[in-house]
Amino acid sequence: MTYRVYLRYEVLRNFRNWRFLFLTLAFPLVLYLLIGSVNRHVQFEHVAFPVYFMTAMATLGTMAAVISGCAIIATERATGWTRQMRITPLPAWTYFRAKVAVGYLRALLTLVLLALAGTAFGVRLPAQGWLTVLGLFLVGLIPFAVLGILLGHLIGADAAALATGGIVTLFALLGGVYGFQVATSGPVLAIIKALPSYWLVQAGKTALGGHDWPAEGWIVIAAWTVVLVPLAVRVYRRDTSRV
Amino acid sequence: MATTNAAGAGIVLSRLSKSYGNVRAVRSVDLAIAPGETVAILGPNGAGKTTTIEMVLGLTRPDSGTVTLFGKSPAQAVAAGAVGGMLQTGALLEYLSVRELVTMVASVYPRPLPVEHAMRLAGVTEFAERRTNKLSGGQTQRVRFAIALVSNPDLFMLDEPTAAVDVEGRREFWASIRAVAAEGKTVIFATHYLEEADAYADRIVLMARGRIVADGPATEIKAKVSGRIIRATIPLADPAGPADTAALAALPGVTNAERHGEAVILTCADSDLTLRALLSRFPAARDIEVAGAGIEEAFMALTADDNDDELEKVR
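Read top to bottom, the protein sequences are chains Z and D. The numbering of the first sequence is this note's numbering, which starts it at 757 and goes up by one. The numbering of the second sequence is this note's numbering, which starts it at 1171 and goes up by one.
Only part of the chain Z face toward chain D is listed, based on derived beta-carbon distances under 10 Å: (1) 760; (2) 765; (3) 766; (4) 769; (5) 835; (6) 838; (7) 842; (8) 844; (9) 846; (10) 850; (11) 997.
It should be emphasised that the hints constitute simulated quantities derived from the structure, not laboratory data. Built from N, CA and C at the ideal position, the CB exists for glycine as well.
Chain Z extracted, bound-state conformation (with noise of 0.2 Å):
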């Protein structure tokens, strides 16, 4: 079985949550044409200011747009639908699969309208770096999905939303999205260098004329990856009480 119906049900009623998409899409969004239109000449580490912010907007709105679905993970549970569901032979594998669909769906929404906003404000780059800078986004999402899921069985509806936006603003602030860098040496920097945040960080730089990343973004990933898979099917494995 290949689950489509399932999976196109579950893409349609989250994108019918049109004042959650809405919120979701138009936050970053909002920001980039606000600070992006006043600032639209300044040159900033030696960049266009609407390039680097295009891809710091990037950043947050996509690692929002990933982790924001434990909201509606959390209200389904509230709900008692995820019970209904638990009784049915729906694998763990797909329940996950559309879970992290969806958010890709709302990510990739989030960087086409960035990317619009980008070139209306004369961001010019090469077929190239648009694939680069989107390859690497996809890959660097993965632990803030998986994280999404695992949050949305960890804690309450009305808790979700405040823990959405705390995680995304300290990963952000850490991972170096506003624009500076918390450490440059030490093992502060070697913490943040094991953040995922990072890593999508210099995602973004590779529009900018930076490079792909080293092995060691690749292995970051990979490792967060591999720990918070595991950790959100316990999770979800265990998450059959009533709520």
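Got chain Z; can you put chain D on it based on the hints?
Relative to chain Z, chain D alone:
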């Protein structure tokens, strides 16, 4: 009661127990249900019906004991699509129409019924295009029933399936349940209505305080719980002989006898017969009251021998 001859074929619960803190929700329940049976689990609130059902479905892990469904563990049976049902609580998934939701659930089962057919059986066709968050309580319950039907499982587990459903809806619901039972499906439903259990189940399993207190054909259980209660005062030193519980229980028509000091409580299947025998055997009996036993009282009477249970604590 623990007949395991149906093991491998039907549903077998063996020494199943579950506690929540100090509350022993289910205590060492043994039950064997053959494929094709329609069984009512009858009991007052807090009897352990829902906890038992959730352990059968694999949603709650038992502290001890085992459940097998058609020879498999609950998880295996669920993965094989052998189980479908209605849980006691639970809203529907939002942002979908009724038809879309039923289709979505059908798509994850290996042998679903046609969606239109299940919706017709459950009586949801009229509002099939409506969003799931725009339904009344009764309509929501019907949609949940449509979901159980479309799954086309071997075992239907229905936890208080007619809660919030009007009289008309109930009739239609039970007609559909009879239809699936006639196809050889196993149906287990929890209820606290004796009439419902009596009318629609082949067999009634009576639960109270986490235990099965009676198990048998519906007619037999009905007689047991729908009897009357005689209350009387009989002096401890009755000249006619000791009116101890054994002597009282031996009176004709008595299903259960209880004594608290001079106060005597008799649960009777035939109170007229008992009353005549009581007065001739114990002429000193006074303050006699005969009352129709409500289901709660009948449960209490049937479990009177474990009055000390409330003192039991989980260690």
